[in-house]
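Let chain A serve as the given structure and place chains B, C, D and E with the ligands on it in line with the hints.
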Amino acid sequence: MSDTTETSVTDRTEQVRSASAKVTRFATLPTVGPLAALLLACLFFSLSTDRFLTGGNLSLVVQQVMEVGTLAIGQTVVILTAGIDLSNGAAMAFGTIVMTRLAVGGLPAPLAILLGIGVCAAFGALNGTLVTMARLPAFIVTLGTLNIAFALTHIYSRDQTITGLPKTLTALGQTFPLGNTDVTYGSVVMLAMFVIGWYVLRFTAAGRHVYAVGDNPEAARLSGISTRRLLITVYTVAGAIYGVAGLLLVGRTAVGDPQAGQTDNLDSITAVVLGGVSLFGGRGSIIGVLFGALIVGVIRNGLQLMGVASIYQVLITGILVILAVGVDQLARRRRA
Amino acid sequence: MSDTTETSVTDRTEQVRSASAKVTRFATLPTVGPLAALLLACLFFSLSTDRFLTGGNLSLVVQQVMEVGTLAIGQTVVILTAGIDLSNGAAMAFGTIVMTRLAVGGLPAPLAILLGIGVCAAFGALNGTLVTMARLPAFIVTLGTLNIAFALTHIYSRDQTITGLPKTLTALGQTFPLGNTDVTYGSVVMLAMFVIGWYVLRFTAAGRHVYAVGDNPEAARLSGISTRRLLITVYTVAGAIYGVAGLLLVGRTAVGDPQAGQTDNLDSITAVVLGGVSLFGGRGSIIGVLFGALIVGVIRNGLQLMGVASIYQVLITGILVILAVGVDQLARRRRA
Amino acid sequence: MNPVLEAHGLVKRYGHVTALAGVDLELLPGEILAVIGDNGAGKSSLIKALSGALIPDEGRILLDGRPVHFHNPADARRAGIETVYQDLAVAPALDIASNLFLGRELRRKDLVGRVFRMLDAKRMQAEASSHMRDLKIGIGSMSQAVETLSGGQRQGVAVARSAAFARHVVIMDEPTAALGVKETGMVLDLIRGVRERGLPVILISHDIPTVFDVADRVHIQRLGRRVAVVEPGDVDMAEAVAIMTGAARGNEPGPA
Amino acid sequence: MNPVLEAHGLVKRYGHVTALAGVDLELLPGEILAVIGDNGAGKSSLIKALSGALIPDEGRILLDGRPVHFHNPADARRAGIETVYQDLAVAPALDIASNLFLGRELRRKDLVGRVFRMLDAKRMQAEASSHMRDLKIGIGSMSQAVETLSGGQRQGVAVARSAAFARHVVIMDEPTAALGVKETGMVLDLIRGVRERGLPVILISHDIPTVFDVADRVHIQRLGRRVAVVEPGDVDMAEAVAIMTGAARGNEPGPA
Amino acid sequence: GSGAKGSNKDITIGLITKTDTNPFFVKMKEGAEKEAKAKGVKLMTAAGKFDGDNASQVTAMENMIAAGVKGILIVPSDTKAIVPSLAKARAKGIDVIALDTPPDPQSSADALFATDNLTAGTLIGKYAKSVEGAKPVKIAMLDLNPGITVGVLRHNGFLQGYGITGSDPSIVCTQYTAGDQAKGQTAMENCLQKDPGINLVYTINEPAALGAYTALKAAGKTATTMIVSIDGGCSGVKAVQSGQIAATAQQYPLKMASQGVDSIVAWAKGGKKASGYTDTGVNLITAKPQPGLDSKDVQFGLANCWG
Ligand SMILES: Nc1ncnc2c1ncn2[C@@H]1O[C@H](COP(=O)(O)OP(=O)(O)OP(=O)(O)O)[C@@H](O)[C@H]1O
Ligand SMILES: Nc1ncnc2c1ncn2[C@@H]1O[C@H](COP(=O)(O)OP(=O)(O)OP(=O)(O)O)[C@@H](O)[C@H]1O
Ligand SMILES: OC[C@H]1O[C@](O)(CO)[C@@H](O)[C@@H]1O
Ligand SMILES: [Mg+2]
Ligand SMILES: [Mg+2]
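Residue numbers (our numbering), protein chains in the order written: chain A, 1 to 336; chain B, 1001 to 1336; chain C, 2001 to 2256; chain D, 3001 to 3256; chain E, 4001 to 4307.
Pulled out of the complex, with its shape left as it was, chain A reads as follows (with noise of 0.2 Å):
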């Protein structure tokens, strides 16, 4: 055995290492194929259509995922936990009737917002604690409340769409110019809200817990980190997230819409997945997830644009879907 062997393991890989370091941690990303995926999905459109490299339609498709997009935040922590909302889009219909009828029956606007925002945490915290203290299953647990959210929404409405709201209520759907695109001030928000929850998970303590706990709740359990209180602030911070989306919503539509919402605990989870996010908790970026947004966005924005028929933008979608996914496969196989 020559000399140069005793050169440890650890050595040996620390010097390989330090050399492909930087590759390696790009490759390793769990959002490198979800943003491929987006990436070649806007390639696909912008050489199908003209009208869909601009920055007034990149802009648009932004705007149209900040609904979703902003649900997707708090379904991903949910489902990073190993959990699922399927009350998401029902608990922001109902955040944002409460919003718009109290604030069109004369409560200041913030206070009508916050206590729209309030409502929708109040339902996370039941879910949060239907799930925790009654061990109940989530999927059963969110699609309870989701019976009640949408029928509180519709009892509550009296079924009416409601309309002219105080301008407060619609600021979010305002928009700025920046450079020759007008932004919606909700886009901001939204893409705001997803650093904020990308810092959150991946530099605090909060964070790793929530990736432990549907990593293995077992041993986060028996590494101390009291499980029950962490999973029940998780339901309830995405609660008042889905309430954020409701704002956004109203900002968008500029009314309060009894019939929003429900496709969009499907349309969240989608972007969770498309994102790269495991649906068995503990793996995955919540910058895949923005990504997985984006990807649904700019599949119908572009379909749109070119022009399908809409029964053939729902085949094709379903195609794309698929393959999206597929690529983010292949670059997992790749760093593998």
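Simulated from the structure, these hints should not be mistaken for lab results. Take every hint as true, because none was put in to throw you off.
Not the full set, but computed from the structure, chain C residues with beta-carbon under 7 Å of chain A:
no., residue
1, Pro2073
2, Ala2074
3, Ala2089
4, Val2090
5, Ala2093
6, Ser2098
7, Leu2102
8, Gly2103
9, Met2118
Listed next, with one range per pair, are the computed distances between beta-carbon atoms:
no., chain 1, residue 1, chain 2, residue 2, range
10, C, Ile2055, D, Arg3249, 49 to 57 Å
11, A, Leu178, E, Gly4271, 31 to 39 Å
12, A, Ser46, B, Leu1330, 52 to 60 Å
13, D, Gly3233, C, Asp2064, 52 to 60 Å
By construction, the Cβ of each residue, glycine as well, lies at the ideal position given by its N, Cα and C atoms.
Showing chains B, C, D and E with the ligands alone in chain A's frame:
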């Protein structure tokens, strides 16, 4: 140390076991919870309205759940492997359109039925192939095929409800008298399929493998089970079962309806989870799923008989669904 | 000398399996107490009760002479008890440093740390590296996911964690089961080091020679009870094994 | 004597970690070949390659002198190779009998079995019981879920399975790591019994005394290569350990 | 050809319907496509996921504006909620025309091409009254969604035609169906549970009517119950022929579509912008005409039906 201690742990336990074996076996059955919840729901509605507990009404409940119940059989098998199938309602709808259009177009009814079921099986095979060969998440794959099946349904049916069906296609919607109650043949078919599903899952090697793959896929693979072939088979068989559900639906409604099945994916998953099957795979009994499907049917029917306004039905359904799974959880804890 | 940690008459039943049938335990200050027993004797159940991972059906636990009721592992951790579980209790998808510091992450000391609670990833990586180096377990990078480690490397992570953070009592459930000769030696050194720091250690192991080498006293368990406590000087290994398997009588009233 | 199982120059890389760096192995008919090495030396990776659980990047495997390409564990199993994996590879929610017979369930011999493929649950329970009894592992009922077993009991299930079904080669990756003294003795007896049946055994273990007690030859691995093959009679334990840790030179060309 | 404002090829028109699942809208789309082809302009289509899905319609409008459409034809799903988006589009200089369903207020679109929905309701109300006469009836009303113009107009029209008010005790059940067959069936089942004696059913459209019929059939009540509806699609007229539906008010979606396309093209080429309401006509179709009531027979219905 006294002599009596010389009996090994084995013997000691064996003794206790034989004594209380029957009781335990019963309490350990994962179906006790769903059954208890079902019975409680029945009890509640029997006390609330005297129209509930009649043969005619109970037969009606079974008939009303036969579509979702049958879909839930396929869904159960898929979920036991730690998968999920969002496409089942859409695949079923496409199957019904295929069978009804072909039959109305003059193809012999049995052949039309076979082709309809075959189309559903083909969708299942596509799902299974993408999930195993391309290793894509089941959620996204089946979301994609959901869209594809939905679009094909509307394109192929030209959005026309297909009427004037030959007798053979609607035969399963006919009734026969049982005592002084009329029972639909379709109900019997659904119950028979549950029994077959139970037999296969519980008493055959294939069934064990389904559980093993969902429980620990790596262990299953290392044990020499061909997990790929198993999964493709599971999705394909599930697809064929959705085709049968389509046939039952045609029997019940006597038309080919391109709009059918749109909420059936969530409804069938609900039945599965209410039935005590874990969404993480590998745990649960298909008999529980039958009870799960019936719970939803009983709640809907009972609230209806009580004359609850429909939006309040939604509200109460939300609450009752949570309560039902709470009862299941209680039953589980008692045996822990 | 008063015991640091005591258990009296702990009982734990799973259905009709009785894992603990009234077990007692005393851990004296600064000692290494080995716990040995056949598979299924209830060793893991015992230490799970001591570390709050399991709530016994009956019995009392005393820490420094005062009764304690651990409702969860966090309670025991707060009391300074660190535990290596037999099934390791690691989060496989998280990296080594995150696993080591799970539940007691280090925050940056600057403004960002205080106001925005930002973790000090660098310091955690560095400290993790140094703890792991102590064990000579040969792992490349602290940012490697635990699921990519070999069986022994994984065990090294769990052992390093407990040794690094214990303030009162260290409990290790078969910490060397997956370790090689060299690595086992390191862990034993580490256990002695912990004793040197004045902390008592409970060590569960099937490796009788090692146990007799390192332990001050040996608690022998059988069918969910303590059947003897012996000192390695007084009793030879064969005798201990005989008691453990029920071939010889221990110095405690055995299972009735 | 021609080897039953041979490997030549197996290489396996994970990113930039090289688990196997061109390892060779020969297993002779009817022998017990021990594989020892530090944590991370690539022992588990080696046997995974031999059992089809992992496809090596380079190298050849020969069974009875003929090249084989195992694409998955089922291929190796069909060739009569049974393996106990270090992480056990059991399905926790399934009962013991189901785990033992997983992938080769027994069907009833009557009409129901032939036509409706009904399993013979009774026979599987009974046979499982008898296999487990051989190991004296002390488990109550074969219908107990594996997740309710103690660490050692679980290992017993995996060991019993491999011994019961092997027709050609048995491979065991640290089969006694979690076992008690008595149970370890049983497993060693069982391994000798397998040899008596004429089947060769590959045994990975960190327990050097045991290895020297039971093995006919010892394959020493280091940094993903075989550095020596020794016979317990020719070399003493200290020497073997020295080779293993790199303190002494082995009888093979070491890692470059 | 080429007109005042350049070639027709440069003109794109958007059509947004409520859903892709109602044949009425499928036909409307086909009509628009045909007309667009004839005029040599491009047509873009989009639809909501369900009747009442405002969010998808808003998104579709935004995308069409981004695609540079000259005009948008829209069947508003939520007649109030869509208004802010209509205003945005019009502010960008786009010609916004509502089809089939008036937005609320109607002036929020440039123009409306639609059935006179109040009249449509009145026609079938009068028909039902003339069949039932003075007999006591139990009426079920299977409505659209709350507060949606087209639903409210037809509902009120039916009441006027029947000569009763909304609080009349003969109305034993009102349910929302979102104009969907499956929901229509559930709604009818619900109503029958409430009062098995129902013998007259008003339905917002033919999908709901077919759903109601299926429920009635399952309950064995088809012989004693009369269904009236609105739409006049080919399968609806066939249902009239076979007696499943007693009468239906026939609409002309192809007209709405083609007139809508024509009007946008005309404006884009320098003509006048259409404004106000254009009635696309409605006819009562029945196999059993009532004395004193204008109606067309099944033959007429089949000749003029769509789908
Ligand atoms: N969750 C559980 N459910 C049912 N039985 C259990 C459970 N956990 C442990 N047991 C049983 O309790 C007994 C004691 O288990 P324990 O894990 O404490 O043994 P141990 O002494 O640590 O064994 P080993 O040396 O094999 O690790 C065993 O018979 C085991 O099967
Ligand atoms: N999936 C994987 N990804 C990355 N690295 C891996 C993976 N599996 C194994 N390794 C690395 O390969 C090397 C060899 O691992 P292996 O499990 O074969 O070692 P071993 O000799 O069995 O060790 P032990 O005695 O601890 O079980 C280790 O450094 C390990 O970290
Ligand atoms: O759902 C209501 C819609 O249904 C129709 O009657 C077509 O079937 C439309 O005229 C109406 O807008
Ligand atoms: Mg143990
Ligand atoms: Mg190993």
